[in-house]
Amino acid sequence: MSYPALPHNHGGDVEHICEHMPKTEEFRTVAEAFRLMDDPSRIRIYWLLCHCEECVINISAVVEMSSPAVSHHLRQLKNGGLITSRRVGKEVYYKAADTPAARLLHNVIEELVEISCPDGQTKG
Numbered sequence: 185m186s187y188p189a190l191p192h193n194h195g196g197d198v199e200h201i202c203e204h205m206p207k208t209e210e211f212r213t214v215a216e217a218f219r220l221m222d223d224p225s226r227i228r229i230y231w232l233l234c235h236c237e238e239c240v241i242n243i244s245a246v247v248e249m250s251s252p253a254v255s256h257h258l259r260q261l262k263n264g265g266l267i268t269s270r271r272v273g274k275e276v277y278y279k280a281a282d283t284p285a286a287r288l289l290h291n292v293i294e295e296l297v298e299i300s301c302p303d304g305q306t307k308g
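Numbering (this note's numbering), first residue to last: 185 to 308.
Because the hints were derived from the structure by calculation, they are not lab data.
Every residue gets a Cβ at the ideal spot worked out from N, C-alpha and C, and that includes glycine.
Some clues are possibly wrong.
Claimed, not checked - Simulated restraints on C-beta separations:
1) PRO284 x SER251: 26 to 34 Å
2) ARG270 x VAL198: 44 to 52 Å
3) PRO284 x CYS239: 20 to 28 Å
4) MET205 x HIS256: 31 to 39 Å
5) GLU248 x GLU203: 45 to 53 Å
6) SER225 x CYS202: 36 to 44 Å
7) ASP282 x ARG219: 16 to 24 Å
Can you make the complete structure from the sequences, with help from the hints?
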């Protein structure tokens, strides 16, 4: 993509960087991941699922939220590809997806909150 000449020349390498800058549409995945993390309760649920596989009832008890509220957050996380689920009989179990994006978000959460994984283990 061709960029117009910059109005000011500050001696930097911005023109070279602009030649390699992805289009706005290509940043949509990043924006979507951050949108999913715009709620502290959802982040807390996601962090929990990075460390264990659990059902809605138990997640609700741990985060002290109603099951419908937890289900709402789980649906958004699942639609965003950050968690997966599996059914055993009538019970559905959720856990963090094993993807580079999911592992990266887990690491970012822990870095920003300055917390560590139980037993010093990381998912990534």
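Now for the hints, and whether the structure bears them out:
no.: 1; hint: PRO284 x SER251: 26 to 34 Å; in the structure: holds (31 Å)
no.: 2; hint: ARG270 x VAL198: 44 to 52 Å; in the structure: holds (48 Å)
no.: 3; hint: PRO284 x CYS239: 20 to 28 Å; in the structure: holds (26 Å)
no.: 4; hint: MET205 x HIS256: 31 to 39 Å; in the structure: holds (36 Å)
no.: 5; hint: GLU248 x GLU203: 45 to 53 Å; in the structure: holds (51 Å)
no.: 6; hint: SER225 x CYS202: 36 to 44 Å; in the structure: holds (39 Å)
no.: 7; hint: ASP282 x ARG219: 16 to 24 Å; in the structure: holds (22 Å)
Violation of the numbered hints given earlier is absent; every hint is satisfied by the structure.
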